[in-house]
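2 protein chains.
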Amino acid sequence: DILSHGQYETVYNFLSLVIASQLFTAVFLVIALPRILPRYRQAITVAIVVCGIAAYHYFRIFDSFKAAFVTDAVGGTGDYSQAVGAGFNEGYRYVDWLLTVPLLLVELVAVLALARSVQSALLRRLVPAAALMIILGYPGEISGDNGLRGLFGLLSTIPFAYILFVLFVQLSKSLDQQPTGVRRILSQLRFLLLLSWGVYPIAYLLPLLNISGADAWVFKQVGYSVADILAKAVYAVIIYQVARIKSFDDD
Amino acid sequence: DILSHGQYETVYNFLSLVIASQLFTAVFLVIALPRILPRYRQAITVAIVVCGIAAYHYFRIFDSFKAAFVTDAVGGTGDYSQAVGAGFNEGYRYVDWLLTVPLLLVELVAVLALARSVQSALLRRLVPAAALMIILGYPGEISGDNGLRGLFGLLSTIPFAYILFVLFVQLSKSLDQQPTGVRRILSQLRFLLLLSWGVYPIAYLLPLLNISGADAWVFKQVGYSVADILAKAVYAVIIYQVARIKSFDDD
Ligand SMILES: CC1=C(/C=C/C(C)=C/C=C/C(C)=C/C=O)C(C)(C)CCC1
Ligand SMILES: CC1=C(/C=C/C(C)=C/C=C/C(C)=C/C=O)C(C)(C)CCC1
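The listed protein sequences derive, respectively, from chains A and B.
Under the numbering used here, read the first sequence as residues 23 to 273, first letter to last.
Under the numbering used here, read the second sequence as residues 23 to 273, first letter to last.
Just chain A, with the same shape it has in the complex (with noise of 0.2 Å):
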């Protein structure tokens, strides 16, 4: 694909957005980490690991899209075309999730501070379908031929039911025995999580559908940078938010 300048600089300042957001929401939590309880720092810790592999996986993608796309125009701004002996490596994003998405899912039933057997009965469910998840749609994404990509898609969205089932009907009592105050924002939270992980299987149909070009790619690379940031830095942020009001209800 060849991107005009302003769709280059458009995806360079998304990508840069996101290694900001990510790399700063770690550094706030590592600094307010002593404000909260001992009993919810995990979850704060884990917060922290998670904006910070992140931020590492996209200065990676950052090297890789300026390495990708090149022009000959001076001043930078012509039209960008792919680069002699370099590409954009998607498979990233899938290293990233495949180390990021169980760890958020840690995250959330790590500030529920529930009672270790239940809590570990919830993480041997989720930790393993989320892995299976991105394992399963790791061939569709790399392979050209659309029927696989439907067959892994839809193989990979068999355990993303099943996360989201346990979220949504599972978790449901453990969320009632929470104090009031955070009942509410944890509630809104797994909508926050809905919204912004529908985002990658909606990303990963669009060639399925047809749709391509470089504003197709823009548009997919914008949406990636949006969604990563709600689902990993705004996310934590919430989760510091009931962690610091669980700790100031316990104290």
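Treat the hints as calculated values from the structure; they're not laboratory data.
From a predicted model like this one, the values you see are computed outputs, not experimental measurements.
Each residue gets a CB set at the ideal place from its N, CA and C atoms; glycine is no exception.
Honestly, I wouldn't trust all of these hints.
[Claimed, not checked] Which bits of chain B does chain A cover? Going by a derived footprint, with three or more residues having C-beta under 8 Å, they are:
no.	stretch
1	51 to 60
2	88 to 100
[Said to hold, decoys possible] Just the calculated beta-carbon pair ranges, DEER-fashion:
no.	chain 1	residue 1	chain 2	residue 2	range
3	A	Asn232	B	Leu228	43 to 51 Å
4	A	Val256	B	Pro56	25 to 33 Å
5	A	Phe190	B	Ser194	41 to 49 Å
6	B	Ile233	A	Leu176	29 to 37 Å
[Stated by the list, open to error] Examples of chain B residues toward chain A, derived with CB under 10 Å:
no.	residue
7	His27
8	Ala42
9	Gln192
Following the hints, put chain B with the ligands in place on chain A, whose structure we already have.
This is chain B with the ligands only, laid out in the frame that chain A set:
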């Protein structure tokens, strides 16, 4: 060897996955350290250092890989062949192991928090054996000759067998004195160790079995990556759990 685009990206993504896993396991442990009783902090500190050393070496391995394989295809989607004037340096791995393998054993012994004399008796056996194992393997790895490779491989297996003997026979007595809550985890940890450490001698054997070519090479890199994540990052998280449970129990 010539790598296809898919093979190149697979190795690329796995090497990056190792960097992210080791680096953020180390970050996680640094943040979580204060939640561990001082008596178990030695083990976690060593775990941080091990994961940090591994991350450092994988940054180097990653750069070495990127310099060693190049393509002139637009968008980087063609075959990758070996570069002029830059090689992939496998020797890095031995440098990493020379430092980290003895430390992994220190980590395990430290978390047991045995009597000082028992502890130093164990380490006086395990640490020199681990160093010897790596040092003896190196000349075989870098020699092109299969006879030398076999010979040094055999010599290196002697200290390897000795380490397994100490861990599975001599350590068993000490495990019986551990609190019940961690005894099972510790015993599983030894099997994780056996499973992940076993990958390295198997990879060493491949040239002796005349297994070579691009597929075998990619498979070996992926195998090393997964084994390194299990042997260091996953291992560290399990050691952390042991330390957490023991900290609770002692409190
Ligand atoms: C269902 C489904 C998928 C789901 C992906 C999800 C849900 C990813 C979530 C990523 C997050 C939350 C990243 C963190 O910021 C895939 C793998 C695209 C393949 C197609 C089917
Ligand atoms: C027995 C044997 C070997 C053993 C290597 C081992 C056991 C390496 C362990 C490395 C670890 C644990 C790395 C950390 O992640 C060599 C040297 C390949 C040479 C052939 C014989």
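Interface restraint verdict for B/Ala42 against chain A (beta-carbon cut-off 10 Å): holds, 5 Å
Coverage of the stretch 88 to 100 of chain B by chain A (three or more Cβ within 8 Å): holds (count 8)
Quick one: are A/Val256 and B/Pro56 within 25 to 33 Å, going by C-beta? Given a distance of about 27 Å, which is inside 25 to 33 Å, the answer is holds.
Pairwise beta carbon distance, B/Ile233 to A/Leu176, judged against the given window 29 to 37 Å: holds, 36 Å
Would the hint on B/Gln192 be counted as holding, given a Cβ-Cβ threshold of 10 Å to chain A? Not OK, violated: B/Gln192 not within 10 Å of chain A, min 32 Å.
Is the interface hint for B/His27 satisfied, with its Cβ closer than 10 Å to some Cβ of chain A? holds, 8 Å
Count the residues of the stretch 51 to 60 of chain B whose Cβ falls closer than 8 Å to any Cβ of chain A, and tell me whether that reaches three. holds (count 3)
Against the range 43 to 51 Å, how does the distance between the Cβ atoms of A/Asn232 and B/Leu228 compare: consistent or not? For B/Leu228 against A/Asn232, whose Cβ atoms are near 44 Å apart, the range 43 to 51 Å holds.
Does the Cβ-Cβ separation between A/Phe190 and B/Ser194 fall within 41 to 49 Å? holds, 46 Å
When held up to the earlier numbered hints, the structure conflicts with hint 9 and nothing else.
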